[in-house]
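Going down the list, the sequences are from chains A and B. Residue numbers for the first sequence follow the numbering used here, so the first one is 1 and each next one is one higher. Residue numbers for the second sequence follow the numbering used here, so the first one is 1 and each next one is one higher.
Quick caveat, the hints were computed from the structure, so don't treat them as lab data. Don't take each hint at face value.
To be verified - Residues on chain B that point at chain A, a partial pick, calculated with CB under 7 Å:
hint : residue
1    : Arg90
2    : Tyr209
3    : Ala235
As the list claims (entries may be wrong) - Anything over 10 Å on all C-beta distances counts as not near chain B; from chain A, calculated:
hint : residue
4    : Gly54
5    : Gly110
6    : Arg140
7    : Ala269
8    : Leu392
9    : Arg398
Note that this is a predicted model, so its numbers are computed, not measured. All residues carry an ideal CB built from backbone N, CA and C; glycine is no exception.
Here is how the chains run, residue by residue.
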Amino acid sequence: MSALVEIDALTYAYPTDERPSLRDVSLTIREGEFVVLCGLSASGKSTLLRACSGLVPHFHGGTFGGRVTVAGLDTRDHGPGEIAAVAGTLFQDPETQTVLGTVRAELGFGLENRGWSAAAVARGVEEAALALGIGPLLDRSTSELSGGELQRVALGAALAGRPQLVLLDEPTSQLDPVAGDELVWLLRRLNEEWGTAIVLAEHRLERCLPAADRVVALVDGAVACDAAPREFLEWAVEHEPSLATPGARMFSLAGLRPLPAGVKEARAALRAHGVEPEPAPVADPAPPRKVKHPALAFERLWHERRGGRAVLRGIELALAPGERVALMGRNGAGKSTLLRHANGLMAPTRGRVRAAGRVALLLQHPGDLLVADRVADELPEEALRAACLVHLADRHPRDLSGGERQRLALAIVTAGDEPPAAVCLDEPTRGMDRAHKAELAEQLRALGDGGSAVLVATHDPEFAVAFAERVVLMGEGEVIADGDPHDVLAGGWYFATETARIAGALTPQEGAERLRDRLKAVSAP
Amino acid sequence: MTYRRRASPLHAARASVACLWCAALAVAALAAEHPAVLAGVLLAALGSAAAAGVGRDVLRFSAFVGLTLALLIAVGNALVSREGLTVIARLGEIPPFGQVDITLEALGYGAILGLRALAVIACCALYFSAVDPDEVLRLFRRFGFRSALTATLATRMVGVLAADGRRLADGQRCRPGPPASRLALVRAVTAGALDRATDVAAALEVRGYGTARRPPHARRPWSRHDVAFLASAIAILALTVAAAAGGLAEVDASGALELTPGAGPWLLAAALLAAALLPFADRRGIVR
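Produce the complete structure using the sequences and hints provided.
See the structure below:
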């Protein structure tokens, strides 16, 4: 396989930063390779992708050293427009990537820009639509599509014309586990059937490692590891444990080798050790919990759209003071709508919400709460100190990292003399690395210890396990499961942690313990 | 108001023809003064909107924007016009208008001008709801690529920024304590808009906009709806020209308000209505 992308000693700093975002990066990506790019937040993943697409330096400016060649085109001499002919790019937010009104026009836009004939454009559009299964959407308006559909359309637009290379920046961060898995497997199919090289930046590695040929880990803008998935996991367990997948951490804690890159590999490895994988049994749904003095209660709550569907259907849910609850379910299940009812942003059409006090709500975009020019103007010094943000007092809120912004927004909504009766968060971990998730889980536990009930809508089962003592699963506006994380998340397929799918245990620690016991039982005479 | 593909003969017609047809209706409204003819054009626009499945959108927009404008024009004309013989109110000296006498003729002519504005706005609303903007962009890209795209993106950004504005408002409602100042909110919205624009610009760059060439001419076979709406547009324009040449739809407001007498304007209105609505009768092949 010949080299498709050659990066030679690339060092780059954005115009507003003195510190380089990429440091002496040298990398070769060959035709038909599936490469996963990983690293903590702000490690340089997005910048590296932007360098491969020519946006760095042509669009962003800044200080650029070294050389990047994509399909023989040197990015110093060829801008993103020319590189677009060989490399399709997909960013995180599908909303800002759709520029035209209909899906058909959107898919054809890039091809028309390249001067393709009308017949070739029509064919390219049809092929991309068929490949991604979006044929029925072709004449739909882009403004009517869901997040998952929009992301598929944006991917279709990047793939129309069959580029040799596709660059993707956390494309699953806004998708539920089902849509996220579908997208990754779609990429795998394109990689296998069309030979398209894929470079995918992602935080949820357990989702994409099984599809990858190679993993490149960035630490502080430099390549720290460039290896096959198993070797990468060995490196991660040793040097950067927050990058290791839960399955690999479980194997490592149990002393098992080789570390598995996915559930299938893990099961095969267990069988090789004489241990038959044992999926957790599916628990019977528990009856609704009775809470005597709830901090927050939804009583037969309905939300019916005028002329549309019922988004919430008779929700009956009560949270005790200090209880930490994860709210899960696929996109459109009604999670966000339920949270919006909790603090009165939306009014129920039937039923009611009862709260023992103020309900704090942190919506999906923490930046929407921040309007001041200085962090110090958002909150008094005491509150900043309590949130460990006092050292950032003079910074502009927009200049904070994602994690810092989240912490500031959470401190704003929970500020006050009395702690809120309940704190609700809507998808707080989108685009967050594992280290920041652990930090947030700690904060949520502290809020619960302070007496506030905590209700968090999330797609991330590992995060749910990290903070929640109860998991509520929603589907089509109804509560379809409500219970202990072990009952709800261990026996599921999509809504289950990786370790649960391998060994029926929710966490790597629990799984490792279980595996050690079973290995002992197997080796005992 | 946004375009949404629907199963209707007008949506099924090619953008160039649908554009011409909407323009023909608007020209008919601009060329006529007789209230019967203007009412005919207004009915044609609203009837077509209903037949195209966008009746509610067009009616709502026309009622909100068109009626407001019509009222302003009617009142404004009554205040500034010095024409007319039948004084119905003497308001005295009102700066900056000077001596203001409201005449029945000025009020009547103002109402006619308002009705014309309402008809034109209904035609525009029909255009925005039923003509595919992407196809229109493709038409104009052949002549002024970048300006056409900029115009389309500006329209698209309106929706994106409106959604951002709603999110920001929700975010502010989640803040305990006194609400943020309006100035701070405006600054936040502006900064957000700039971020959004940068994201869209980056998306455009990686889709080859920077090196875009003039798009190729697409040859599409003419559908029955293309032909029907083209014939309808030609008929509307021909009737308009004939009416203008024959002085069929005129109003004289210099003295007493005088309308063209006889059945001519009424026949013209009926003919315009029929010419506009006929293409909607054939509903074969309207689903794409």
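Check the non-interface label on Arg140 (chain A): least C-beta distance to chain B beyond 10 Å or not.
-> The assertion about Arg140 (chain A) is violated, with a minimum of 7 Å to chain B.
Decide, holds or violated, for the assertion that all CB atoms of chain B are farther than 10 Å from the CB of Gly110 (chain A).
-> Check fails; 4 Å does not lie beyond 10 Å.
Decide, holds or violated, for the assertion that all CB atoms of chain B are farther than 10 Å from the CB of Leu392 (chain A).
-> Non-interface label on Leu392 (chain A) holds, nearest chain B Cβ at 18 Å vs cutoff 10 Å.
Hint status (Cβ of Ala235 (chain B) to nearest Cβ of chain A, threshold 7 Å) = Not OK, violated: Ala235 (chain B) not within 7 Å of chain A, min 29 Å.
Would the stated hint for Arg90 (chain B) survive a check requiring a Cβ distance to chain A of less than 7 Å?
-> Given a least distance of 50 Å, the restraint on Arg90 (chain B) is violated.
With chain A as the partner, please determine if Tyr209 (chain B) meets the hint condition of a C-beta pair closer than 7 Å.
-> OK, holds: Tyr209 (chain B) within 7 Å of chain A, min 6 Å.
Grab the minimum beta-carbon distance between Arg398 (chain A) and chain B and tell me whether it stays above 10 Å.
-> violated, 7 Å
Assertion that Gly54 (chain A) lies outside the chain B interface [Cβ separation over 10 Å] = At roughly 8 Å from the nearest Cβ of chain B, Gly54 (chain A) sits no farther out than 10 Å, so the non-interface label is violated.
With d taken as the least Cβ-Cβ distance between Ala269 (chain A) and chain B, does d exceed 10 Å?
-> Label holds. Min Cβ-Cβ 40 Å, cutoff 10 Å.
Of the numbered hints given earlier, the model fails hints 1, 3, 4, 5, 6, 9; all others are met.
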